[in-house]
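**Student:** If you want the building blocks of each chain, they are given just below.
2 protein chains.
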Amino acid sequence: MFSSNTYATRRDRLIALVKSGLILIPGNTDSPMNYRANIYRFRQDSTFLYFFGLDEPGLTGVIDADSGESMLFGEDPTMEDTIWIGSFEPLQQKAERCGISNTGSPEKLNEKVAQAVAEGRIIHILPPYRAEQQMQIAALIGSEPKASQVLINACVTLRSVKEACELAELEKAMEVAYLIHTTAMHMAKPGVYESEIAGTMEGLTLKYGAGISFPIILSKNGQILHNHHHHNLLAENDLVVVDAGFESYRHYATDNTRTIPVGGRFTQKQKEIYDIVLAANNAVLENAKPGVLFRDMHFLAATVITDGLKQLGLMKGNTAEAVASGAHALFFPHGLGHMLGLDVHDMENYGETFVGYNHEVKRSEQFGTAYLRMARRLEPGFVVTNEPGIYFIPALIDQWQAAGTNSDFINFDKLTDYRSFGGVRLEDTLEITSHGARVMGKRIPITVEEVEREMA
Amino acid sequence: MFSSNTYATRRDRLIALVKSGLILIPGNTDSPMNYRANIYRFRQDSTFLYFFGLDEPGLTGVIDADSGESMLFGEDPTMEDTIWIGSFEPLQQKAERCGISNTGSPEKLNEKVAQAVAEGRIIHILPPYRAEQQMQIAALIGSEPKASQVLINACVTLRSVKEACELAELEKAMEVAYLIHTTAMHMAKPGVYESEIAGTMEGLTLKYGAGISFPIILSKNGQILHNHHHHNLLAENDLVVVDAGFESYRHYATDNTRTIPVGGRFTQKQKEIYDIVLAANNAVLENAKPGVLFRDMHFLAATVITDGLKQLGLMKGNTAEAVASGAHALFFPHGLGHMLGLDVHDMENYGETFVGYNHEVKRSEQFGTAYLRMARRLEPGFVVTNEPGIYFIPALIDQWQAAGTNSDFINFDKLTDYRSFGGVRLEDTLEITSHGARVMGKRIPITVEEVEREMA
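Chains as they are written, first to last, in this note's numbering: chain A, 1 to 456; chain B, 1 to 456.
None of these hints come from the bench; they were simulated from the model.
These figures come from a predicted structure and were not determined experimentally.
Please note that the accuracy of each hint is not assured.
Since the list gives no way to pick one copy over another, a pair counts as held whenever it fits inside one copy or between any two copies.
As the list claims (entries may be wrong) - Below, in silico cross-link-like pairs of lysine to any residue (SDA-like), each with a Cα-Cα straight-line distance of 25 angstroms or less:
1) 108 <-> 131
2) 189 <-> 200
3) 112 <-> 172
4) 146 <-> 132
5) 289 <-> 371
6) 94 <-> 317
7) 172 <-> 234
8) 310 <-> 4
9) 146 <-> 134
10) 94 <-> 229
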């Protein structure tokens, strides 16, 4: 259960890791669409949510690692707020909800930070990812923001291992994930526009929570990895990649991908590729466990994919050599997965490398593996996505073929028949347990049989 | 019909009004939600859409009012863009779509603007409303952005009078407006959460276009004018204010409000208030025409509301004096309406006062009327909203009663029975024709009988 104590305890653990200095955690402000007052749906900063849990714009949290004290800064609501936006709750009351008694106005925040700067204290901040944040922090500290590595590392340490209340929240969110993905399966019929399915799915995420956790990827052009255009009309036998996530009211994310055949039946050719991707996904599910490098899980998936494509005659040569050479990346050009939590790519705002890599595991520079967001050793309580895929990307095939890239491992001639295939991606979320990994939530139909049954 | 010529003609007309200097119109960039790569649905800048029509991030338009030349600046897509986001179209091709042949990289834009600054030429810019814009423009011109009044006035002149293609686009968009509002009527039953209706409506806007034109207001607490919280469970006889708009793929907005009784039947008390608001709406519809001050339409609505509330015994005294004194604003504390077009509050980013007021009509400082966004004389081709309302806002009633504000015109004692009433707002969009005004689109059910029939 989340309570005011949840946040107080997290702040205490943060102080224990950061040890000294003033930790400045600005909540987000509203983001304008086409003019200042016409705003996007408010998205609170995830770090602020983690340590303060308050879901309103214009608040800033300060944690004094020396005195151990937490403070909340913001404005009290005015009569105008009451009339226009129905905001009544005094700042003091908000603060109490996250176990804080010490509050102040934005002017007091200015004074507090200015005093700390004048005293030469360390001001710990995280890398800003919105221009407003950058300007606010620069104004507060009187210089260009420079992120604190100590604070980044402490936040990654805490947030990587999910608490019981977080695991329960994620598990619960998966119910809506199941709903939206099976809804897509029911709707994917010839004559339907992609936008009709994507719109319905997003509507459901708003019906039951805070909306989507990232822009929906739903396309018959599944070979475009992050395709947010939904203008195509679907026809029989189109293969649609649906990569979509729900965000709960507490802003925990889901992230699943299914690949579904328009009309409800896979062709033989589609099944062959699909089953390779499913085998890769299942191999990771069976082998992921505490102590294992997630990078090795990525290579395991690449190995299963390479073996499968060899059987179809699309790849050739020694599998281990092909994977070492990065030949699989023509078909599987992205990473196996990433952490999931308050962000769909959890903590990516801290810097992807600080989250997924460490002293033991350095990021590869090889095409494909370089995109791997998460590589380090798994621990119980980690939540990661498992999302292998196979794609046929004409522009990339042409580039490799022209350059002779990995031609020892790829039968370029055989690829001609696959240029309009699209892609297949299958993504579940794994909770790393004490001894292995489990798929979070009720597993969304994933075998050929299950998907065809759901679509019947 | 929109064509490349549409944009070329608009730019020529802009040049004719601005006369000299370099006009800098940056398109929008992506807005991050919780980390840089996790973005909100892209919303192009409306001025950029009006003069260039291109709906992609990272472009900047420059119009040289001296040479008459237009230029488009941006990046060409890379192989990485092709793989990840499916972006293929070269900049040159984008430019041709809006009738431009002259293109350049962001570096060329820097050089172009730096040269103009060095030559002492006027750089016309609009007021930035996003922090990213402000930073981009400051970097380009080498100083803090200062908006050009000449450019603001020229844009207001052009965009206030809608072209035939714009009117057709707005009229078409009203079909989805009709759909979402009647959907709300069908769904508003006891035991349903507000979020279920709002989510379904937003889903429909995504199914058929670019989504919502502003955050949906849907609440049984209709007395909160811009209430974006949808957490209430609806019960029989709750009165729900539904203020929601659709945005077409070309980003033209709709904006309508209906107030609907949960369960499908208004109570006698609700009908009495509802019919006053409807009478105010209809009075404006019948009287709005070219040459009339929209401010007078606001006062007409206020007059009908005051008369109606007098009949119910909630107000008293001379109607004209009550309206002059602003007594109606206890119940109708906002303005009658605003322009509508590419923005739901059209051109609000230029500064509301520059759009709705001019040398002839100055903004009032009186509570209520001060919120009127649009006041100036109507012209054929204007598109404005007509949205009178009556609300019972306990905090405001208490404030006025305690201070004795307008006590000559208000029967505070009678208001006790209305403290939990909520509010009623009824909003249509009017096109100002050569001789009058018409409701755009098929009018959404609005009389008590029509609404009850739709909900039956």
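**Student:** Taking the hints in turn, state whether each one holds.
**Tutor:** Hints, one by one, checked against the model:
no.: 1; hint: 108 <-> 131; verdict: both (23 angstroms within a copy, 24 angstroms between copies)
no.: 2; hint: 189 <-> 200; verdict: both (14 angstroms within a copy, 21 angstroms between copies)
no.: 3; hint: 112 <-> 172; verdict: neither (40 angstroms within a copy, 54 angstroms between copies)
no.: 4; hint: 146 <-> 132; verdict: both (15 angstroms within a copy, 19 angstroms between copies)
no.: 5; hint: 289 <-> 371; verdict: within (22 angstroms within a copy, 60 angstroms between copies)
no.: 6; hint: 94 <-> 317; verdict: neither (63 angstroms within a copy, 44 angstroms between copies)
no.: 7; hint: 172 <-> 234; verdict: between (32 angstroms within a copy, 24 angstroms between copies)
no.: 8; hint: 310 <-> 4; verdict: neither (55 angstroms within a copy, 50 angstroms between copies)
no.: 9; hint: 146 <-> 134; verdict: both (10 angstroms within a copy, 21 angstroms between copies)
no.: 10; hint: 94 <-> 229; verdict: between (40 angstroms within a copy, 17 angstroms between copies)
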